[in-house]
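**Q** So the sequence lines, in the order shown, correspond to chains A and B. Under our numbering, the first residue of the first sequence carries the number 1, and numbering increases by one thereafter. Under our numbering, the first residue of the second sequence carries the number 621, and numbering increases by one thereafter.
Simulated from the structure, these hints should not be mistaken for laboratory data. Some clues are possibly wrong.
[Stated by the list, open to error] DSBU-like cross-link-like pairs, simulated, lysine-lysine; straight-line CA separation at most 35 Å:
#1 K849(B) / K173(A)
#2 K846(B) / K202(A)
#3 K328(A) / K846(B)
#4 K449(A) / K873(B)
#5 K854(B) / K219(A)
#6 K849(B) / K270(A)
#7 K101(A) / K449(A)
#8 K615(A) / K854(B)
#9 K801(B) / K202(A)
#10 K328(A) / K851(B)
#11 K119(A) / K749(B)
#12 K219(A) / K873(B)
#13 K873(B) / K186(A)
#14 K211(A) / K985(B)
#15 K846(B) / K186(A)
#16 K832(B) / K449(A)
#17 K219(A) / K963(B)
#18 K846(B) / K119(A)
#19 K808(B) / K328(A)
#20 K963(B) / K484(A)
#21 K347(A) / K808(B)
#22 K347(A) / K832(B)
#23 K846(B) / K615(A)
#24 K173(A) / K943(B)
#25 K985(B) / K963(B)
#26 K849(B) / K328(A)
#27 K325(A) / K376(A)
#28 K186(A) / K832(B)
#29 K484(A) / K943(B)
#30 K211(A) / K851(B)
#31 K749(B) / K615(A)
#32 K119(A) / K854(B)
#33 K801(B) / K270(A)
#34 K211(A) / K846(B)
#35 K851(B) / K119(A)
#36 K211(A) / K808(B)
#37 K173(A) / K749(B)
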Amino acid sequence: MVAFIPVLLFHNACGPGFQAREDFFLNVSSQAPQDLSTVNKGQVLYQNNCTLCHGAIAGFVHKNATAQTIETAVLSKIPEMAFLRSSLKASDFEAIALAVKSGGGPVIAQCQNESEFSKSTLRRLNAREYLNSVRHLFEDAALTVVDYPQANVRSGFDTHQEAIRTFNEDIPKLLGLAESLMTQMKGKTTSLLNSCNPALTKTAAQVTCAKNLIQRLSKKAYKKVPTATELQPLNAMVDAGANVQEGLSNALSAMLLAPQFMFHLVDYTKNLQARVHTLDGFELAARMSYFVWSSLPDEELLALAESGQLLNNSTLSAQVRRMLKDPKAKDLPVVFAQQWLELPTVKDLTRSLQIYPEFSPSLREALIQETSLLFKNTFDKGLPVDELLTANYSFMNKTLADYYKIPFVGSTPSSFVQHSLAQTERRGILNHPSLMSITSSEGATSPVKRGVYVLERILCEHIPEPPPGTTTGFDEIDRSLPIKERFAIHRTNRTCAACHDKIDPIGFGFENFDPIGRFRQTYPDANQTPIDASGQMPDGYRVTRSIDLAPWFADGDRFEKCLNAKLSSFALGRTLNSGDSCAAQKNVAALFQNQRPASFEALIEGLILSDFFRKSQVQE
Amino acid sequence: MSTKKWEMNRRTFLKASGVSLALPFLDAMLPSSKAMAANGKVQRFLWAYLPNGYVADADKIRYSPQVLNVLNTIRSDITMVHGLRSFKESPFFDHIDARLSFIAGTELASELFPGGQIPDEISTFFPSKMPRTLDQLVGDVNRGSKNVSYTLCPDPFIYAPFPDRLNVAHTEAMSWEGPNKAAKNYTKPSELFNTLFKDLSVPPPSTDGGEKGRLSILHYVTDQIKSVKNKVGKDDVIRLDEYLTGVEELERKLAKVQTPAVQVCTEPRLTMNDTDYIKRMDLYYDIAFHAFQCDLTRSFTCLHSYEGSYRVIGDDVPGVVNKSHDWHGLSHDEGSTNQAAAKTDIVVVEAFHHNKIVNFVKRLKGAVQPNGKNLLDETAVVWGHGLNSLLYSTRDVHRYDNLRVNIAGSANGAFRMGQNVDAKGAPLANLWLALAQGFGSPITSYGKSTGPLAGIRS
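Isolated chain A (complex conformation) (with noise of 0.2 Å):
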């Protein structure tokens, strides 16, 4: 049978003319060998088919499906898969089959094609952005932003691509805050401004002391040597000023809202031919230190790519090493758990002060910090980043500590403080109270809200809603059954069961927890309903209390390669398409050949040496 290869690569090549005759080869033979092209073909197809109803192929439930079965339940079975029949072939099932069976794997060894990348959009500095780079540009971390413009961002990361568009009305504010910060400066003894000793008169040391500075930081702010049509009219604001100050203030006000510092720049025109641009050092560094610093390059990044240093994979890997030890860095596990997690959202829940009196402000927002200082602590102690997961300890305050009904061993109330949970039910984020109360309703916890957010933060899968046309049939079901058994029913629907299969062993997994994250035994109803937290994967794992889950999504490579998955969507400020998750799992699988578990460092190193974090498809 290797001699049908060839005759899939021909049709590949040529396009749907030759569909026939590949249909009847593999008509001919149902058993067709695995092939790598086969699979991948059938990997594309589940990836365009399949994965808006049943998640990433990973995750697929049916493992013992056949090109039969497959195409019974298209053909025949489920009406909401109708509108696939004119699309899919009897060969296309053979190969979704033969991809289902390989659980995704061969797809890294594919994925080489940089062009599948998705394409990166300039997008002007957000808030956080721009008051770092503005401390960071002037060396003053006294340095305050008020209202920069930047419309809300409800969901998803601050630095994606499309998070901040500009608006007319946006760039009186921008002048305004340039023109702030530079009143900011000249207040202080020890500013920038003030170096060039301002005086009513101009002397010409005091011009050529503004004009030095102006180069001095005009390089940093710009992330790149400015040329002499960036460089002069800035100088020539100095010499029209009436006096230095005033010149230099116009010149570093011009500075800031220049599309140099708002935006990190790709210089396309370089090469013209290319599909794809590498980044050149300067480019590199401004990226790097966005995701990292989220603040402009050092100078000594800037030495670096001035002098073609730090495209060198070794001086990178010292320069990423270098940046997270770097005081800078010490946000970003806060900032990428808290926007990835959504955890500000407590603020907003509402819930009843009679039932949860707890649930107080500071309750709500030490239920943040904990989550934010396990990932902190996960990243400054470069542990393996499972460790999010199986953590059998947690920090709290006093608040916290008296929430869990824990002795604080703190000195000050105030201050968070390891506590240990290895005599709890709990383990890692997964039962923080932070996750257990955004995933519930006002007045009662949701066994679906909880199993679809996991899967989808955590695991990255994707559960869709339900098709359309899908009765839940929960009124025809008797009500006076326990509700685990009233959803175990609705799962004989097979439509429903295609995700709740999934969904509702995890739900149910976390139902120990009450709507605000407080363990419990039992329902609040009147019989006092034992809980019953058991159940079984899809894979055939068996829960048998909440805190067998975590074992289960630490499991293997999964949350790595979602973890990774998000910071690669936040560090390049985008969404990935599947060229982009592909690469961003080949970085992860190149990871564990040598270094399993991974660590923060380890993923972010991985990450910005690999060309999914150098490269960039040119825009057409």
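Following the hints, position chain B against chain A.
**A** Frame of chain A, contents of chain B only:
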């Protein structure tokens, strides 16, 4: 520089504005010269979207009695259009699609899934198909008046089915300047207030160089943007152009203004509540009313909420029984013990939102101007849904036919009031086209329109 008489009263206005923004009508607050539309009439437009459809009565055409009771109070000032269609069916994304198809007057779903294939970049698909929307067209005609678009999507916890693939900003936008260019959404009333009532929004110069220095700064920035534009990709150019447009506009304003001509309002310090959903909605309608009265804008859009919202309605809407449910969940009968209970609740929610709009309409009608007309005489308030709730249906799906849109106010005689119009399955876009033409827009098609809907214009 033109002096606006109302400016001098702004402090009075601000001081008088508490949470309720109580503002007496003052002749002096009228602008010195009103912008006139091409047809010589003052016409105002507010376009509102209510998510999750309406629960129709048994005959599938009428609103529930509770909603009808609300609408009946403005019976002579309203035209109710029914039997409209947005699109036939959408295999997926129907909620976002319903909203965007409603706005765009097209059938985005069938364009997106011609062969049932899902493109990788769904997030870029919808925006690329958006037209210049109705509110923008109205604004174009009413030159000299500022277009304002804002949203009432206050939910901090949202559940987008595709959080990574669909950019939320796109799906929440109601007003579009054109493909890929959503107009700014105002999610905070304070921000909207500042934009509308703070005149040029230009802070006083704080640098020593004054306006001259500022102009040199902006001039430099303009030059730099133009220069770097040549090196970047075509998508990047769009972003840089957004930036450039703003800088050039400010440059023009400053060039016209003689130092120190911009009178600056050091307030406002309204005790506005930016976090409470209902107070926020009330404030928006309050701001819209005053903005119409002061003729600061002729065109508003207002998205009351969106289908993907997980906002718990119990706190927002008095009289809801199942307090922990969200609006969309109710429309699917989610979690309620029986359909009747869900239907009772969703009708309460619907009537509540209709009432907000109807109260706004009544307020416009009560505001008599020096020319003897009231504000409603010159305004059309238009609202509707992009899909239907399914509780009347035997299947748990949304429907996209039998959509209803209401028009309150004739916009200076452009539209016929006090009638029921059966669109007989015509596309929504036909109604949008009739409205745009009634507002004096020269367009001859909108989205997938097949011609202006009959019976709408006077």
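**Q** For each hint given before, does the structure comply? Return the numbers of the non-compliant ones in rising order.
**A** 4, 9, 14, 16, 17, 22, 24 and 36
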